[in-house]
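*Asks:* Add chain B to chain A, keeping to what the hints say.
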Amino acid sequence: EDLRVDGRGCEDYRCAEVETDVVSNTSGSARVKLGHTDILVGVKAEMGTPKLEKPDEGYLEFFVDCSANATPEFEGRGGEELGTEIANTLYRIFSSEGSVDLKSLCINPREHCWVLYVDVLLLECGGNLFDAISVAVKAALFNTRIPKVRVLEDEEGSKEIELSDDPYDCIRLNVDDVPCIVTLSKIGYRHVVDATLQEEACSLASLLISVTSKGALTCMKKVGKGSLDPESIFEMMETGKRVGKSLHTSLQKILNEEESLGTTRQKVGFLG
Amino acid sequence: MAAVAMRLPVARKAGGPSGPRGSEKHLVAPGDTITTDTGYMRGHGTYVAEERLIASVAGAVERVNKLVCVKALKTRYNGEVGDIVVGRITEVQQKRWKVETNSRLDSVLLLSSMNLPGGELRRRSAEDELAMRDYLQEGDLISAEVQSVFSDGAVSLHTRSLKYGKLGQGVLVQVSPSLVKRQKTHFHDLPCGASVILGNNGFIWIYPTPEQKDEEAGGFTTNLEPVPLSDREVISRLRNCIVALVTQKLMLFDTSILYCYEASLPHQIKDILKPEVMEEIVLETRQRLLDLEG
Chain A
1 EDLRVDGRGC EDYRCAEVET DVVSNTSGSA RVKLGHTDIL VGVKAEMGTP
51 KLEKPDEGYL EFFVDCSANA TPEFEGRGGE ELGTEIANTL YRIFSSEGSV
101 DLKSLCINPR EHCWVLYVDV LLLECGGNLF DAISVAVKAA LFNTRIPKVR
151 VLEDEEGSKE IELSDDPYDC IRLNVDDVPC IVTLSKIGYR HVVDATLQEE
201 ACSLASLLIS VTSKGALTCM KKVGKGSLDP ESIFEMMETG KRVGKSLHTS
251 LQKILNEEES LGTTRQKVGF LG
Chain B
1 MAAVAMRLPV ARKAGGPSGP RGSEKHLVAP GDTITTDTGY MRGHGTYVAE
51 ERLIASVAGA VERVNKLVCV KALKTRYNGE VGDIVVGRIT EVQQKRWKVE
101 TNSRLDSVLL LSSMNLPGGE LRRRSAEDEL AMRDYLQEGD LISAEVQSVF
151 SDGAVSLHTR SLKYGKLGQG VLVQVSPSLV KRQKTHFHDL PCGASVILGN
201 NGFIWIYPTP EQKDEEAGGF TTNLEPVPLS DREVISRLRN CIVALVTQKL
251 MLFDTSILYC YEASLPHQIK DILKPEVMEE IVLETRQRLL DLEG
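Protein chains in written order, with full-length UniProt numbering: chain A, 1 to 272; chain B, 1 to 294.
It is possible that some hints are incorrect.
[Stated by the list, open to error] Below are the BS3-like pairs computed for lysine-lysine, each with C-alpha atoms no more than 30 Å apart in a straight line:
#, chain 1, residue 1, chain 2, residue 2
1, A, K253, B, K274
2, B, K74, B, K184
3, A, K225, B, K166
4, A, K245, B, K166
5, A, K267, B, K274
6, B, K66, A, K267
7, B, K274, A, K241
8, A, K225, B, K98
9, B, K274, A, K214
10, A, K253, A, K103
11, B, K66, B, K184
12, A, K214, A, K54
13, A, K148, A, K54
14, B, K163, B, K184
Read the hints as simulated data drawn from the structure, not as lab findings.
Chain A on its own, in the form it takes in the complex:
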């Protein structure tokens, strides 16, 4: 009958708040609040050497920190397991070809490239972590500004890297193909999108799907100790693709709106 405890339908998300450029000393950052779930992502661009098997590409490194502020279970090393699980999921999603244009991160093949260190901080756990994290990562990558560098060759052949003087002269990443995760939790015979903590406690199995803005499914993962019927997996995939597309459109709309406000935008940050 499509009615959940808080009045939402099975495919409705909670109201989300997205803000970028909240951390001033990063190359890009974003904060996403989805109901009670609060995620902060910071991206730092550093110079490094390309990987041996991909000499003309840069790469991304993910690190997820579950802050002890989120739940008492994350105290000390309690949040490490969840953190590594989320980081591995992010690695898997971004390992697919075409999600991020890694060739644009290359400065000198085999010698220099940009490495993007993406740090995810879980401030509050209110259910549906993966979706919020993927939305925040996409927003942070959209906000990332990598300074333009030029490589100068000396007479002896040694290379020098020159940073442009203008701080606003930078390259932006194209995040059109960056996928977002949609979590579908199975409760009883139906499946719901964006489960709250109570709904997650009731669901025995969930399906994590990463969907691009065009509705293409790039990666799938099943979590939970329950089992899923193959029929229901197909249904969940269809729902996930539909929901993923609308998630991408509204995220892109809000990012463009924020961008258009430019310097007139009032930064709310954490003390708002």
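*Replies:* Then chain B, alone, in the frame of chain A:
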């Protein structure tokens, strides 16, 4: 069609219009001096140090003749005899159940404080002990009354009445205990079609009104029939209204919940949780409550 609403964050407005108040509340933080006058008796939330009365919690100072106490906004539940609580069974022990009621220590429900089915009055035997798990298991929700408070602050509950017992299908909302107003009765049948139990410990239980009053003693059998959609809509709406009232820090009692429900009728159930709709509804509720008083 799936609906995903995203928005840019808006800075919160500092302290909205609160209407005419008698006097400004004296707000204190832990460590603040309340008074240096030694003639006052100290109540909850205060302690005496160096001949000064100092607050130990953050909240508003309440003065009743010579008694000074500090009422905190967000606390754990402190049991008082006669309070109605809604709790969840966490453990089944030898002759008692441990109940979680959002207080500092788990509350206790003794087997001897529980009504036997059929209303018999007899000494509990070893068979009753073994059958404890048939009555209440871990994870069950119960409504009970506080019988007594132990010296360490733990609360002892009893369900010696037909209106207490195991709760069936419904929705639980957890709020701070200080937001539940103390009233004569905490069991309300709202005219909109649902019933609500306002536990003093901050657990609020919303459930569909049973058609006929069950004569079974103790209320141990749970009705697991599917709840019709209309009832579920009313319950979801009530749940969202209560969440809205709590976010705006309004006291919860049957009239405020009812006014909030009526103010929310023009909106869709899922829209009530949007910040601007929440503010609008609670403002209207506040207005009506002030009109009722004045």
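*Asks:* If you check each hint against the structure, which ones fail?
*Replies:* Violated: hints 4 and 6.
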